[in-house]
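Q: Letter by letter, the chains look like this.
Protein chains: 2
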Amino acid sequence: MAASGGPLSGVTVVDLSRILAGPYCTMMMAELGARVIKVETPNSGDDARHYGPFINGKSAYFQSVNRGKESIALNLKDEGDKAILDKLLEKADVIVENFRPGTMEKLGFGWERLHEKFPKLIYVSASGFGHSGPDMYRPAYDMVVQGMGGIMSITGHEGAPPTRIGTSIGDIGSGLYAAIGAMSALVHRGATGEATKVDISMFDCQLALLENAIMRYFVSGTAPGPLGARHPSITPFEAFHTEDGYIIIAAGNDGLFHKMADALGRPGWKTDDRYLTNDLRSQHQEYLKVEIEAVLGTNTTAHWGKIMDDAGVPNGPINNVGQAAEHPQAAARNMIVDVDDPVTGAMKVVGNPIKLTAFEDPNSRVPAPNLDQDRERILKELGL
Amino acid sequence: MAASGGPLSGVTVVDLSRILAGPYCTMMMAELGARVIKVETPNSGDDARHYGPFINGKSAYFQSVNRGKESIALNLKDEGDKAILDKLLEKADVIVENFRPGTMEKLGFGWERLHEKFPKLIYVSASGFGHSGPDMYRPAYDMVVQGMGGIMSITGHEGAPPTRIGTSIGDIGSGLYAAIGAMSALVHRGATGEATKVDISMFDCQLALLENAIMRYFVSGTAPGPLGARHPSITPFEAFHTEDGYIIIAAGNDGLFHKMADALGRPGWKTDDRYLTNDLRSQHQEYLKVEIEAVLGTNTTAHWGKIMDDAGVPNGPINNVGQAAEHPQAAARNMIVDVDDPVTGAMKVVGNPIKLTAFEDPNSRVPAPNLDQDRERILKELGL
Chain A
1421 MAASGGPLSG
1431 VTVVDLSRIL
1441 AGPYCTMMMA
1451 ELGARVIKVE
1461 TPNSGDDARH
1471 YGPFINGKSA
1481 YFQSVNRGKE
1491 SIALNLKDEG
1501 DKAILDKLLE
1511 KADVIVENFR
1521 PGTMEKLGFG
1531 WERLHEKFPK
1541 LIYVSASGFG
1551 HSGPDMYRPA
1561 YDMVVQGMGG
1571 IMSITGHEGA
1581 PPTRIGTSIG
1591 DIGSGLYAAI
1601 GAMSALVHRG
1611 ATGEATKVDI
1621 SMFDCQLALL
1631 ENAIMRYFVS
1641 GTAPGPLGAR
1651 HPSITPFEAF
1661 HTEDGYIIIA
1671 AGNDGLFHKM
1681 ADALGRPGWK
1691 TDDRYLTNDL
1701 RSQHQEYLKV
1711 EIEAVLGTNT
1721 TAHWGKIMDD
1731 AGVPNGPINN
1741 VGQAAEHPQA
1751 AARNMIVDVD
1761 DPVTGAMKVV
1771 GNPIKLTAFE
1781 DPNSRVPAPN
1791 LDQDRERILK
1801 ELGL
Chain B
1421 MAASGGPLSG
1431 VTVVDLSRIL
1441 AGPYCTMMMA
1451 ELGARVIKVE
1461 TPNSGDDARH
1471 YGPFINGKSA
1481 YFQSVNRGKE
1491 SIALNLKDEG
1501 DKAILDKLLE
1511 KADVIVENFR
1521 PGTMEKLGFG
1531 WERLHEKFPK
1541 LIYVSASGFG
1551 HSGPDMYRPA
1561 YDMVVQGMGG
1571 IMSITGHEGA
1581 PPTRIGTSIG
1591 DIGSGLYAAI
1601 GAMSALVHRG
1611 ATGEATKVDI
1621 SMFDCQLALL
1631 ENAIMRYFVS
1641 GTAPGPLGAR
1651 HPSITPFEAF
1661 HTEDGYIIIA
1671 AGNDGLFHKM
1681 ADALGRPGWK
1691 TDDRYLTNDL
1701 RSQHQEYLKV
1711 EIEAVLGTNT
1721 TAHWGKIMDD
1731 AGVPNGPINN
1741 VGQAAEHPQA
1751 AARNMIVDVD
1761 DPVTGAMKVV
1771 GNPIKLTAFE
1781 DPNSRVPAPN
1791 LDQDRERILK
1801 ELGL
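Keeping their order, the protein sequence lines are chains A and B.
If you read the first sequence in this note's numbering, its first letter stands for residue 1421, the second for the next number, and so on.
If you read the second sequence in this note's numbering, its first letter stands for residue 1421, the second for the next number, and so on.
Read the hints as simulated data drawn from the structure, not as lab findings.
Keep in mind that the hints are not guaranteed to be accurate.
The list treats identical chains as interchangeable, and a pair is accepted whether it falls inside one copy or across any two copies.
Below, a list of computed lysine to any residue pairs in the SDA-like style, where the Cα atoms sit at most 25 Å apart [said to hold, decoys possible]: (1) K1497 x D1674; (2) K1497 x G1465; (3) K1478 x P1787; (4) K1511 x A1611; (5) K1679 x F1519; (6) K1511 x G1613; (7) K1768 x D1555.
From a predicted model like this one, the values you see are computed outputs, not experimental measurements.
Generate coordinates for the entire structure from the input sequences, incorporating the hints supplied.
A: Below, the structure is given as structure tokens:
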């Protein structure tokens, strides 16, 4: 039977992080059952509390990534408050921060001191460029690393203005790698008792996400350009014009290509010398696209979707965010969950994509905390 | 002192996955010290072995995500080979697969049977739409979920053709959540002895990556559109035209906005009623952009980059993949590593963005295996 809580039940995270990269990491940990205690600056708190949209003065941006966490405001330049943080860390398993390198050392909470004082404490840092290298002190936000890290250069259309990835992949990407780092460190600590520091650079994470494009750059010696709406090395694998819009068809191997050719009434493609292998199809991608669109242009996206479905060829429409979020599959998978916040009223946010047989997947979440709302209870727990 | 291996040393992963989502998950696990044994179909192996570019006939695509793994070819419709897989699973910690739902059950390796037979074995599945819901049997590749999951609808420019994210975020995103799921399950097993199934849907993961956009959709009731090269709710936070190209400036809070205004010689913006808060700046984003570009258009990206650096305002150029991969910070962080493959010769691939104090971060990797290359050694280990 599925249990409440999650695989990280019993793990306590002290979270000094702000805005998105660190908070996304700790949100994932909270979703998996960890207790996350946000330590925020007094008065203003996490910067994200001031990012719109707002509902009754409370940031919905903040709500989305901080549901299920606790909050205590501490002035880390005040000796009394520093002592409270020490007490918190004494009982914690993981500390997460996304300050600029050197800030934690200045505050007296650098890895060296913490590791000596709390040898079981795992330290996770997510910074713009990491804790080493010539650019380590360079400040960064999502868009800076999206630009510097190369992903914008391969996203969009040849000759068109630059295109940002519509989601904050600079922050969320590093939040995901930070979560992997934190959990791998928990596994290691479980096996050996040793804690480690996890040093995540948003810039590094952009490179890691590029994976295939970096390989292609080093193989060819040429930086790949933007490819519009197609895959760089699999064909056909792109958005095609239909009579009333677009359909994505992804025929990723010979078998699927043959099914597609038959379903479109063009069995001759299967034996066409230009289309015999994926490599040949990729070399003749533009020509094949014209041939495919000549067929698809005669009917609607829905029509061709049904035909591709029946043929077993991976395909789909281009949904907007509303169509995606309201998709029956999203509902069936509990991917949209409720937050019943006393300030904002009922809100919907995205759920947890990690579905575990051993645990329940609840359809509601505890609201994001107001600044400092858990102070009294936390201090009492610490015996203060 | 940093040790060799990694936090997952001692963890054995049996990897039935193909192409990218599953292999990316197991690549991360291999990078973190796990032993990953690829189980491939005889003769053709993983589909990705046939994706270009090729060097001396070996796929560089395959190399990039399968370095450091082992390979054994097993025909999972053959009783003898099934018995070998059972033997492998007996000693494994994690099994990863990205077949369509139902395939593993048909082969006799579904979660129910495996959990009964190997109660400590963690089962990680990454499929297009997950193991439940009306669309569970729908086939998917990266582009299908990029389209259906909504990210393409917010990436690009108003009125322009659809834009694919330049990297395979449908696959890599789900690979990252799968890795988080696998490691959280290892933490849970370490604490309780219980193994769980991790059910990852590529479509769910796209929704999870949208996070902020989904929240905005439910707050406003309107699906957000593509925003070109700017952030939806932080201003100024976008790519601006300079005399010779673009610069990204991300002034994510009032203090940074004030620094930027001073550095651009426009201190009046700090007290301008339209620009007093991030929310007001976001309401007047188009107007502010014109004002900023009027200044930036008078000089080069490099010139303004230096001025923003000196002022401490997060900024950067838009690098192509080569500029990103050859960046001094990438070298300093060991983000480009060597694979010395006897077939392809020396190749460069992207390194591991998870830097751990407790472990070495080697600058080379073991090549991706040839199909079935580790058969004899693996069979010997199993006593077969």
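Q: It remains to establish, for every hint, whether it holds in the given structure.
A: Hints versus structure:
Taking the shortest alpha-carbon separations for K1497 and D1674, only the inter-copy value of 21 Å comes in at or below 25 Å, while the best intra-copy value is 63 Å. For a Cα distance limit of 25 Å, the shortest separation of K1497 from G1465 inside one copy, 15 Å, qualifies, whereas the shortest one across copies, 59 Å, does not. With identical chains, the CA atoms of K1478 and P1787 are at most 25 Å apart within one copy only, with a shortest distance of 11 Å there and 52 Å across copies. Taking the closest pair of Cα atoms, K1511 and A1611 come within 25 Å of each other both inside a single copy (19 Å) and across two copies (17 Å).
For a Cα distance limit of 25 Å, the shortest separation of K1679 from F1519 across copies, 19 Å, qualifies, whereas the shortest one inside one copy, 53 Å, does not. With identical chains, the CA atoms of K1511 and G1613 are at most 25 Å apart both within one copy (15 Å) and between copies (23 Å). In this assembly of identical chains, the alpha carbons of K1768 and D1555 lie at most 25 Å apart only when taken from different copies (22 Å versus 39 Å within one copy).
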